[in-house]
Amino acid sequence: MEYFTKEFWFLLTGIFIVLEVVLGFTIVCLFAALSCFTVGIMVTFDLVPNAIQQLAYFFGFTFLWTIIAYKPLVNLVKKAPKDSYNNIIGGIAEVTEGNLIFGKVGNVKWSGTIFKAMLAIDAEEKEISVGKNVTIVAVKENIFIVK
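Numbering (this note's numbering), first residue to last: 20 to 166.
Bear in mind the hints are in silico, worked out from the structure with no lab data behind them.
Note that CB positions come from ideal geometry on N, CA and C, so glycine has one too.
It is possible that some hints are incorrect.
Calculated lysine-lysine pairs in the DSS-like style (CA-CA distance at most 25 Å, straight line) [said to hold, decoys possible]:
no., residue 1, residue 2
1, K145, K135
2, K166, K145
3, K166, K151
4, K123, K166
5, K159, K123
6, K135, K90
7, K90, K123
8, K123, K97
9, K145, K128
What follows is a list of derived Cβ distance ranges for each label pair [to be verified]:
no., residue 1, residue 2, range
10, E144, N94, 42 to 50 Å
11, E116, K159, 52 to 60 Å
12, A157, I86, 42 to 50 Å
13, N161, D65, 53 to 61 Å
14, L30, Q72, 34 to 42 Å
15, I140, G117, 17 to 25 Å
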């Protein structure tokens, strides 16, 4: 007697893929989805006759897919190096919420978001008033260094 149909396994594949997207690409549900798909194909060709074997194959394939694909997927989604701010450095920001004074942390608006900022040591001006534009020359500990 067939307890789980091929449609069940393919539906479960879709549910795991949706969960993967909703949970933020954690990779865990992806392996379960691949396993459900694999078991669904096996059930389609009558290679797995009963529910116990289907569940055993599901867990076995989840383990197998994890062994095969975990390392390549982790390498694929590796984070960028910690100091890669190439898209920010050289950008123009606007001083907001008070003058930017040398030696003190102020605020600038860049790309529609307000960030903390400090004047660079070699900045020509020691105080920049609100509304003026500055150039981002570095990023240190989430604080823009500007001129």
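- Item | Violated hints - listed by number, lowest first | 6, 7, 8, 11 and 14
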